[in-house]
Amino acid sequence: MAILQTRDLEKNFGGVFVARSINFEMQPGEIHCLIGPNGAGKSSFFRLILGQHRPTAGTIWFDGQDITPLRSYQRIRLGISVKFQVPGIFKALSVWQNLEIALQDNLQGDSLSAEIRQVLDFIELRDQAAERAGNLSHGQQQWLEIGMAMSVKPKLLLLDEPTAGMSPQETAKTGDMVRTLNAEGMTILAVEHDMTFVRQIAQQVTVLHFGEIFAQGTIDQIVADERVAKIYLGKTNEA
Amino acid sequence: MQIIGLRSGYGGKPVLQGIDLEVGKGEIVAVIGRNGVGKSTLMRALMGLLPATAGQILIADRDVTQVSPHKRARMGLGYIPQGRDVFPRMTVAENLAVGETLLKRGIDPDYKRIYQYFPVLKERATQRAGTLSGGQQQQLAIARVLVGRPDIILLDEPSEGIQPNIVQDIARNVRDLNRELGITVLFVEQNLDMITLLAQRCFVIDKGQIVASLSAEDLNDPETVRRHLAL
Amino acid sequence: MSDLASREGTAGATGRAGGARRRWRPLRTLARLNGPQTLGRGPAFWIGFVVVCALVGIYPLFSDGWTVGNTAYFFTWTFMAMGLCVIWGYAGALSFGQTAFFGLSGYAYGVLTLNFGSAYGFTFGALLIGVAASALLALLLGYFLFYGRISGVFLGIVTLSVTLVFETFMAQTAGPEWTVGSARLNGFNGMTGMPPLTLPWFDGDIVLWPDIPLYYLLMGLVIVCYLGLRIFVNSRFGNVLVAIRENPDRAETLGYDIRRYQLGAFVVGSSLAGLSGVLYTAWGQYITPNSMGLYAAALPIVWVAVGGRSDLTATLVGTLAVLWVFQTLTIYGSQYALVVMGALLLVTVLFAPRGLALGLVDLAGWSWGRLRGRKARNGQGDA
Amino acid sequence: QDGEPIRIGILEDQSGEFAAATIQKVHGAQLAAAEINEAGGILGRPIELVIYDPQSDNRRYQELMRRILQRDQVDVVFAGFSSASREAVRPIVNQFDALYFYTNQYEGGVCDANVVATGAVPEQQFSTLVPWMMEQYGPRVYTIAADYNFGQISAEWVRQLVEENGGEMVGEEFIPLGVSQFSQTIQNIQEADPDVLMTLLVGTAQASFYEQAASANLGIPMGSSVNVAQGYEHRRFDPPALSGMHVTANYIEEVDTPASRDFVERWRAMFPDEVYINQPGQNSYVGIYLYATAVEMAGSTDMAAVREAIQTGDVCVDAPEGRVCIDPASQHASHTIYLVEVGEDHSITIPQVWENIEPYWLGEAGCDLTLDEDPDAQYTPSNPPPAR
Amino acid sequence: MLEGLFAFLFQFGDAFAFLVLSASGLAIIFGMMGVINLAHGEFIMCGAYVTVTAAHAGLPLPLAIACGSLAAGIIGIALERAIINRLFDRPLDTIVATWGISLIATQGTLILLGSTMPGVGTPLGSFEMGSYSFSEYRVVLMVIAVAMMGGLYLLFHRTRYGILARATIQVPHMASALGVNTKVMHSLTFGLGAALAGLAGGLYAPTMTLVPTMGTAFIVESFVTVVVGGADVFLGTAPAAVVLAFIKAGMTSLYGQLFGLIGLLLTVIVVIRIMPRGLSGWLLRGRE
Ligand SMILES: Nc1ncnc2c1ncn2[C@@H]1O[C@H](COP(=O)(O)OP(=O)(O)OP(=O)(O)O)[C@@H](O)[C@H]1O
Ligand SMILES: Nc1ncnc2c1ncn2[C@@H]1O[C@H](COP(=O)(O)OP(=O)(O)OP(=O)(O)O)[C@@H](O)[C@H]1O
Ligand SMILES: [Mg+2]
Ligand SMILES: [Mg+2]
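Protein chains in written order, with my numbering: chain R, 24 to 262; chain H, 71 to 301; chain X, 15 to 397; chain E, 17 to 404; chain U, 9 to 296.
Please note that the accuracy of each hint is not assured.
Said to hold, decoys possible - Listed next, the in silico PhoX-like pairs over lysine-lysine satisfying Cα-Cα at most 20 Å (straight line):
no., chain 1, residue 1, chain 2, residue 2
1, H, LYS83, R, LYS114
2, H, LYS182, H, LYS192
3, H, LYS277, H, LYS83
4, H, LYS95, H, LYS174
5, H, LYS141, U, LYS191
Keep in mind the hints are simulated off the structure, nothing from the lab.
With the hints as extra help, turn the sequences into a complete structure.
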């Protein structure tokens, strides 16, 4: 059974379609990458899954349940977690508190602190634990958000451009992390423009264009696809 | 542009610890370094959005350290911030119109060229900028500065969130601009492609100081750059 | 990394849903007195706290009747301020209509005690019912507001409208037809004749006129509320509140039903406004529609903002300070009092961006630093 | 005791909403105190005024009333313009069992042993005004009144008097306090087309009615008990906004008797910049004299003694307005009532004067403060004191 | 019948004019700049006082009103320079600052100029319509109100100043990096808001009592109108005024002033409940 499935999902904003009869499906344990030109509707697709946008038509199924009528927080509670494109952190709060708020529903007391410390180590913000999150550099904010998203151990992790603003080495580290999480059984859907990263992690790739599924397949199939090269990849020697 | 012993930071917290750097007219120079080392801070200080606590910034041999941002902008300094900072409740066209402020007297904005670089902006001219996708916003931020035809452009991670073929386009366009109009470019970047495609020289920052500088030859070898990015 | 991911069950869905119920552990609750949401922790702060409480406790013995009754009067307002601090400072919802609850509870106390008298400690029953009335109204209004996704200035204007509707309505209830039982609402002139709080005692009731016993009662209430709210805002609940203040969308995508939390904070804060209303009414045996008007509604906002809305202690100290300074100015300032008040507000906003209380702390720290700096420099000079 | 000053507390607004009408109350008290002190004081003791400014804010009234009674230990307190401020302080006055002079005209009905209300009350102003207006202009009356205690009770009086005199109410409209726009009201009045318009408007915002009515060319003879005498609208508005207005007042600056002229002269000598000497100012002045007279008669400032003096019915003063006496049963004052008419150019004429109009209603209705009881209630015609 | 209809339209227009004129200055200062200006009423008072003083000095009324507006504008700019510009990054603190300004202004006026000021008469005459007669000046106010809304919309959406001002207010540091002198922009815009408030004061001065506290008569209505209008002030304020004026005029004519007032406030509550982002949010909903 698919863990995430959309059926004829459609959304438009006064004429602009950001999703047009999307039938998308993911199996548990999969790592899937969503790519596509700027404005193709990738982030909007995430917002639809999360319930921040109401679809104009169609349904969304998660883990065998129709979640279309559910509110955002109810969907999250079913086991979804997200890292947004624009870091959605609590800017006036400390880094530590950001993580505490993300984790406090699962853990408490000492195990909570221990867990937070572990996450901090991992995202290399241990020294900044007491810093105001808004004072972090852009890349550090990205890491914090990734830390918040993955630490709650969702069934489905949504990552919107996780490596934007990261150096190649950090990108590789993120890729390793994603793979490890996946090995533990987490399903992951990532939006990304960095093809190195996509190649590193993805089993399946879906290309969105003008709100429609434009192509689907393995990374090699996609890279080889002329049409994708034309609208998206350009004449890249990479990948 | 010349920077001598520049120090700057936020409130009491120093970030830049004495940066010395020189960018010649018509050069394209990259600044690289890990997260949080102070690259964006450097850009903000150059633009005057952060006061310098010590040191000097010279543009065309004029000391501008105490000059306010809008005056620097009118002297021909264009800045494209990290995180785009478009005017969210204004339309795309209005956003671009703000960029016209930079124009020198008597010069008209060249929208044709802009729309040629970024066709999507023409399509979305009346959409509110806040509702654009991330990559579209980034394109708008770049276009907005180009409208004003600055002499020097400060670019903070221009490729972030932009689809690969447009990244290549941007790199090409910036190079064209540089060649045709002699525009000087100082940019911060983490994307290897962009760096190798664009930069003529490169500085590496760590902990608020310049720790290395790479020549054109070094840049031809992706491995060297990769190593410095991982520093 | 692997170690992070491999801890027990991977899929956290069950943990999320199940985590809500937990055993209550008193010690852990007490530990919440300190936390990231409140300033002041560690022995130094708590020793200071005890000393201040002790000073406040013995001071009536050395003071005159008016000052004691007047300080008790100041205390009556602090609950509304602390409540607004929770709603505005912590949950980020600027309510411009806390006076609606103040008025409602005040009138409820009046109506109840005028009808049922003050025997058998009923005044305290009326106090509880009055506060409960506010809690109920807050629940209804808050449901209407937060479940309708009203936020920001919109929230401010809706709450202001509510209090102004109450004011306008109550102002015209002058006629004899506006009675509840034997209590005349009495329109704009206000309701009078209700008894002060009255404690039943063996040899007759103790009537709590604005004097020493009332002072101690209110002081106790202030301390209990203050400590209780500290625990509240440092709890898990409080964490979510500040998260909502910072970024409501993100809080929701972490799985919190933000409406419920906002509603919770609103009910707590508004009940406290109601408590202020009851205590004020009992203090002066008087309540008017005026106390729900525009000017009255702006006052708590000014107290909280001047004190420092981001922190309970700052709000409490700031509110008392503002009340005291303004009253003193009124007494000695003649016609110039209001001008000086305005100027003081400006000075505070400009020079103490974090509020009066924290501004003073900063100032103290700064001068201390300078003092030490000078000493250090002198020391160097000597060497 | 001897030679020690008699302390008189004054809580009158010098700022805020009511200041325009109440600054004169402070001045009136200061003038009276100065004169009395010059003449040797009360019982040989000088008067010392303790003055605070409650800023038109009821809470300040409460705070300051406590202070003035508890800490300043004044012998008597004069306080309040609006009825709301009076009600705010009455519980405190009663708690400390102090003597309180309320000198403002008001809606009437306060039956409180601690309160001496020396301002005019509706029965004095309307029993004179309403019949006169109906006789002059016709029987159809329309009332607009501020929508609170004062307005509602005054309107009740008007209604009752119109009916008693065989007239007809063709409309009655209540305006919330603070309303400043009256287009609709003007239209309603035009629709009803009354002979007489009673305007019982309160506060500066509501006074805007006159200007707006004039610019819409309403042109109906108006009667009032509040305007002109308190807020001197005829001086503040450009003519002819107030033209056709008739007010029954116990005093205004234009009263042309020797006593009044002399009073105006003394006042202006002390306060040369005074905009206008209004009824509240005079009342405050007279109030101090009434108190002084009562203390002289009682031989002490003790409240019981003072009240006993009042109960003789002989506490009277020859005030600028004429003779004023305190009625023992209700502790209210009798007044001379002037019918003030405002002309096209806002000049004042006084076509009629009624002397010694008693505050009859409260006593007749059953309030008797001479009995050994300690009531502290307020009654209205539709809610009279319990019958004895 | 026709007469009644006209009478209602007049009342509606009258209420509309009052809401629009009292709100327009606030629409800029609060709606656009985010400064919660509790001293709005005092700018209005200032405009009224200067207008009347100028008229007493012999200036024709329209010129006097212009003076009032100008004076308020200049004071606005001075205040912005001295105080408000330090508070743009903490808008909530402007509540306290402007409240302080309001206290100083009200009481300062009282001390300096006395508790009240003689007015000027309402210009123009009246006209008749069946059994009713109406003030002509009120019609002028309605016309000005409509013109003002249109003018503001054009100013902020069609002129270069308008675009730069909006840019400055939305992301100030970026506007300055694009060469906009944000200080000047802030001052000018705040000054414009103050001047419009002063204009409202000047326009209503002939019809109202002049006392230092007269501004309070405007403040609730103006805030309510701007907020019901929602985020896009120039798109929102006029429709908001239409809705509120309609309810207010209707309730007042049917049930009296009390219900007009309560009805207005209840409408605010209901409208915001239905459209949590205000009227303009609702109008623009497809495009957000
Ligand atoms: N409220 C809105 N009104 C109108 N158009 C909108 C709105 N929100 C989004 N859009 C449009 O929908 C399209 C999809 O946007 P989305 O953010 O999903 O793109 P994306 O695929 O994530 O692009 P990127 O890679 O640049 O982040 C864009 O063209 C955007 O302009
Ligand atoms: N507003 C701020 N207040 C305080 N400290 C800040 C602020 N912004 C950034 N910093 C700190 O300054 C340091 C440098 O930040 P900067 O944004 O210049 O980094 P960067 O090199 O651009 O990194 P990135 O690649 O992540 O964008 C960081 O450690 C960050 O925590
Ligand atoms: Mg996106
Ligand atoms: Mg950066």
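Evaluated hints:
Annotation: proposed proximity of H:LYS83 to R:LYS114 holds, straight-line Cα distance about 18 Å (limit 20 Å). Distance restraint check for H:LYS182 and H:LYS192: the Cα-Cα separation of roughly 10 Å lies within the 20 Å cut-off, and the hinted pair is therefore satisfied. Our distance criterion of 20 Å between C-alpha atoms is met by H:LYS277 and H:LYS83, whose separation comes to about 13 Å. Simply put, H:LYS95 and H:LYS174 have alpha-carbon atoms about 18 Å apart, close enough for the 20 Å limit, and the pair holds.
Between H:LYS141 and U:LYS191 the CA atoms are separated by roughly 12 Å; this keeps the pair inside 20 Å, and the hint holds.
The earlier numbered hints are all upheld by this structure, with none contradicted.
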